[in-house]
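So the chains spell out like this:
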Amino acid sequence: MNPGDWLAHWWPGLLLGPALLGGALAFVWPRLGFALGQGVALLNALAAVLLVWRVAVGGPLAHAAGGWPAPLGIGLRLDGLAVLMVLAAALVAWAGALNARSYFRAHGQAPEGFWPLWLFLMAALNGLFISADLFNLYVMLELTGLAAVGLVVLGGGTDSLAAALRYLLVGLGGSLCYLLGVGLMYGAYGTVDLPLLASQASGPALGAALALMTAGLFFKAGIFPFHFWLPPAHGGAPAPVSAMLSALVVEAAFYLLMRLWLELAPLSLAELALPVSGVLGSAAVVWGAVNALRAERLKLMIAYSTVSQLGYLFLALPLMPLAGAAIWSGAALLVLSHALAKGALFLGAGTVLNVVGHDRIRGLNGLAQRLPLTVAVFVLAAVSLIGLPPSGGFLAKWLLLNGAIAQGQWWAVAVLLVGSVLAGAYMFRVLGRCFTYGHTGGREPGVALAAQWPAFGLAAAAVALGLAGSWVGALALAGSPFEGDALLGVAP
Amino acid sequence: MTLENWLPALILLSSLLPGLLIFFLAEERHKTRTILNLGGALIKVALVLVMVGGVFAGRSYESRLTLLPGMDLVLNADALSVLLVTLSAGLWLVTTVYAIGYLEDSPHRSRFFGFFSLCVTSAMGVAMAGNMLTFLMFFELLTLSTYPLVVHRGTPEARRAGRIYLAYTLIGGAALLLGVVWLRVLVGPLDFTETGLLADHAGLDPNALRFIFILLVGGMAVKAALVPLHGWLPQAMVAPAPVSALLHAVAVVKAGAFGIVRVVYDVYGVEFSAELGLLAPLAAVAAVTIVYGSVRALYQDSLKKRLAFSTVSQVSYIVLGTAILGPVASVGGMVHLVHQGLMKITLFFCAGNLAETLGIHRVQEMNGVGRRMPYTMAAFTIGALGMIGVPPLAGFVSKWYLAAGGLDAGQGWVVFVLMASSLLNAGYFLPILYRAWFLPASVPWPRERAMPGRFETHWMLLWPPVITAVLVVLAGVLAAAPFSPLEWAQLIARREYGL
Amino acid sequence: MTASALDFVLAGGLVALGAVLLFSHDLFRSLVLFVVYGLLMAVVWVRLGAPDLALAEAAVGAGVTGALMLAAWHRLPAAGRRAEGVVSGPWALLSGVALAGVAAALIGVLAGLDAQREGGLQQQVLARLPESGVESPVTAVLLNFRGYDTFLELGVLLLAALLVRLGGGADFGLGAKSSSVLRGLADWLAPLLVLTAGYLLWRGGHAPGGAFQAGALLAGAGILLALVYPPGADGRPAGGPRAFARWTQGLRLRGLLSAGFLVFLGVALALLVGGNLLQYPAGWAGALILLIEAAAALSIGAALLVLFMGVAGGREAGAP
Amino acid sequence: MTLSLLYASAGVLLFCLGLFALAVRPHLLHKILALNVAGAGAFLVYLGLAYRGGGAAADPAPQAMVLTGIVVAVSTTALALALALRLGRATGRMELPDGSADR
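Protein chains in written order, with numbering that gives the first Met the number 0: chain A, 0 to 491; chain B, 0 to 498; chain C, 0 to 319; chain D, 0 to 102.
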């Protein structure tokens, strides 16, 4: 049996087994938590890399849980987009786990429950990315949501508690909308399997079900104006947790929307409904950026930046049915580069918080002398978030612009450009402080480089992604509805 | 893989790698840093010389990396890029020496030289970019790597200047990005082609093309500091002298002007641009900038600000030469690309010397400084006279070709613009020279520092301006010699016009 | 089949009950009405041909959830017992109008759907039932055809238990006083509940019942014991059956909580050797499902107990 | 009107009522109740559509889904209650603070 076949059979076990097992064991024996967390995060990252290789070489993978093919059983699939999401989650989770070690050292050790929750969150995200079953996705969404809420609570203090509770209530409301949509889907079409529905479903029930599920996912993704819960939750959680939430948990909801609207919904319906997403996305880009500009705390600024960056993704949705491949790949690149850059930013902010003792932006003068490596993280992440070449963010923005112009969607073009300039404004507001004198000493002696390297790795990966864009773009298309289309079209 | 494929990439790496290494050097590793800096600069000059020889012999160099299908990063060496590459490589070497001397004891040198190397890398990338995507990429990288240099002083004033610089360049970058993507959608990959890549595409909407032209040139005009987009340049004077020198002579401002040349010649094609009616407005903007910059320079008391407005004016000579149809004017514009770089870097080095040695920042304080620092002021005088256009210095050659080109194209008004500008140049440079050489010194100097060594100032500060001043003279006197900037510009013009 | 008058009364009653309990100004009345709502829902499930659900709804939906709500009520801070009115303003109005529109549109869609509906999976489930290892179609779906969902649902439960425990306070103990009569009763009732749970578990293979219903009963037994045997000074139960005291603490409790999940996970991964995730080998399905269900019932019982204690137990207001 | 449609419609109404109460009732216990009522409404839609007429057993697949949903609901309810009580103990009030304005 060659190694590729081995992977093709075992991949669900690889993605779910270690994380779930580790999570449960870390719960039973809290003392093992740290070792399990580090080990499983590394294992998971290795598995993700292997699977990326496998899918790139051998094409998408499928698996019928329980051995029952859909519609009776639950279908799992690992196509290009899914494996890229798995990779992003694995990298951020690994970096977060490495960073958590020193982040929590300031408080003694990671709070009780951190490692099991962390591992469960990893597993839930993996499960969410590979599921092709709408009801199974509901369970995954709940698992993800619970783990995320629990991790926010660990921020300690009343503010975190309130943020977590708000997050929980909003998330549950969103889940219920999604759940009702799934029920309608089953009632009307007798299956909850995505590929089957894509080939069978049509009619008003499909539209209603999609609308309900989309509304639920809007809440979970925190898209404007449903974003109100996001900044306090992401800004108040421990930094490694914020990294994971901002980088992946909200993007997971967008990932599902992409699946729903581009694989399931017929083109006519998508054309009718998706402009709503475009409008909300545009508003989110501007609103998030303006609030990021006004934020006084670094972590809150980063959280608002997430609101803004998510807007790009929603902005891309309505362009996708027509510009297909370019936007699909562009969105994949954007999700990936945002995940890496945002993860890096939050981990960096955590280091700042621990070393400086606060994260007020006004008080960051001279940070470039105290924590040069962390400031380098901010610079690299800024490059990707603003969309400056040669980062992954740049390629993504290039593809989105290309698609928007080719379709004559000038409003999207305007929002993309305004958003980039605003991103530059809020990122350089922080960087300008970092480069101002205000600290006479040299590098901070007590800061373990181990705390900073993971963040640096993520940020560098976000920038380097631009150089692998061709490969990533092609991989994202594997198994997608746009497989085989040319990536960059020329207007007729 | 042959040398032809690798040379452009190697030229980039010769400054990129030292730059990245320097970031991680501890502050007190003085010697290692100097070796890295100078080693990289020397290797780069050597590599560039190899390439110049190759291009002259008709070889073509190209490094290519595919980012997305139909979206390549291309570095290549055509005649035009060689012009800027050679200038940048040479001046980087000189400026590195100067910067090492200038920043002798100041803090954060690792950060400074790291970004300094990145800045040069980006300028090289801009020069060698083989298509619009690559150009855009290095153009933005240039913004990013110069920002920390502009705010290097770390004062609130520097931060403000940095903010203004970013506001201008990021918005300009956004316009440029839009133009590039739009054009990409219309015609496909945007590889630079001598005589213009749009020549192969008929039947495109001329209005869309006009608008894209405005976006592209507008985005670059921010960096080239064309009026009314010049506001950031005088503010950016808070940067340390070597940075100003680099910004004005080879990197940022020059990248903008160079980009305009690329767009007009290699994207639109000069004849097609004229056909679309785009050249006349561009020439008008350039003419206004030339005069406006000179007038503003007259009123500046701060020496560096006077030089800054002088840059605003002088860089537009390049744009003017580009915007006038006809090979002679083109030669004038392109040769000024080099000549302006040599002259302006000399002036900034000298201003830096005055500030560093005697604490002089304002024109008023320069009385009698010629006797205190004769070498520096001699170099300054050569640079200033060159700017005015006194024969046989470099500036004269540029102006001569520009004027002749204007007459050639039947646009006599160009001569008047040039004459007015020369008069104004004289108006703001001659008083300085008069003060320096003929007025008695107003000792004590504002803040004099004792410099080690036998010369009027540290040798690392003194030699760079003297060398560049000599080059200013040589470029003028030996204009007709082979390999002179003028000869090279004529070669380019012949190719661009397909003669 | 058309609806009878009884159906109209039931459905209308549910909606009216829901409206009243959600918008009542008396919080306690809302809570009591919620329990009634759950019971009424169970009746509806029977009416709709879903007795498994009726049992689960009565035990979990009305029973456990209602108990949780009432326990929470007792622990509210004094100022928190008054239900403030409703938020008013343009946003509230807007969401009201929007939701009314959503309701109308959805009912319209349902009405259109009513005539031409797909058959669902019932035929397929029944056709494959003999291979599933159990006789009850619902159990077959839960533990075989869609076993992956159930496995993850145990994960959700485990996670919730973990999080509630993080809230601080003892695992156990309500601090209520109880008479010896009650204790005597509990000593008899608790084993009876455990026995019934075992019966339900076994019965689940071919008739309504199963791990969840059994787990709920186990939790009920636990809650009963916790109520009558308040904790001593050290936070441990001061009396009661030894096994209960031992298994509701520390490592053993955590083991109990995760046993179902771990067994399920172990089976799922082990089966990957020969087939797909959770693909029972021919002939083994019944035994493996029973194993999983037994472990799951224990875990569910423990988890529900922990959830209840997390809400009802813990430190009192104002206590350090 | 068929039985299916009647109960499914009642489910839709309960679902919307629940979401509305979630939005406008400030008391945390009310919000949690609202989620439960809305959830039960959604389950009613599942089961209403699964009804197969005259005493026959309902479609088992949605039954299983609802069973799963009930367990998820009780888990999340307990967690929400526990968090709400902690918040109530910390702030003395059973409402979410107006946290949207913090920077």
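No wet-lab data here; the hints were simulated from the structure. One or more of the hints may lead you astray.
[Unchecked claim] Chain A side only, calculated, beta carbon under 10 Å to chain D, not exhaustive:
hint, residue
1, Val138
2, Ala161
3, Leu167
4, Gly170
5, Gly186
6, Val354
7, Val355
8, Gly356
Where is the CB? At the ideal position from N, CA and C, for every residue including glycine.
Original post:
Does A:Gly170 pass the interface hint, meaning its C-beta sits closer than 10 Å to a C-beta of chain D?
Top reply: holds (9 Å)
Subject >> Interface hint compliance - A:Val354 to chain D, C-beta minimum distance less than 10 Å >> reply: The hint is violated - A:Val354 has no Cβ within 10 Å of chain D, the shortest such distance being about 22 Å.
Subject >> Status of the hint placing A:Gly356 at chain D (closest C-beta pair under 10 Å) >> reply: violated (18 Å)
Subject >> Restraint satisfaction for A:Gly186 [CB to CB of chain D, less than 10 Å] >> reply: holds (3 Å)
Original post:
Holds or violated: A:Ala161 as interface residue toward chain D, Cβ cutoff 10 Å?
Top reply: For A:Ala161, the interface hint holds, since the closest Cβ of chain D sits about 5 Å away, which is under 10 Å.
Original post:
Would the stated hint for A:Val138 survive a check requiring a Cβ distance to chain D of less than 10 Å?
Top reply: holds (7 Å)
Subject >> Proposed interface contact between A:Leu167 and chain D, which counts if any beta carbon pair is under 10 Å >> reply: Holds - the Cβ of A:Leu167 comes within 10 Å of chain D, reaching about 6 Å at its closest.
Original post:
Would the stated hint for A:Val355 survive a check requiring a Cβ distance to chain D of less than 10 Å?
Top reply: violated (18 Å)
Against the hints set out earlier in the document, violations occur for numbers 6, 7 and 8.
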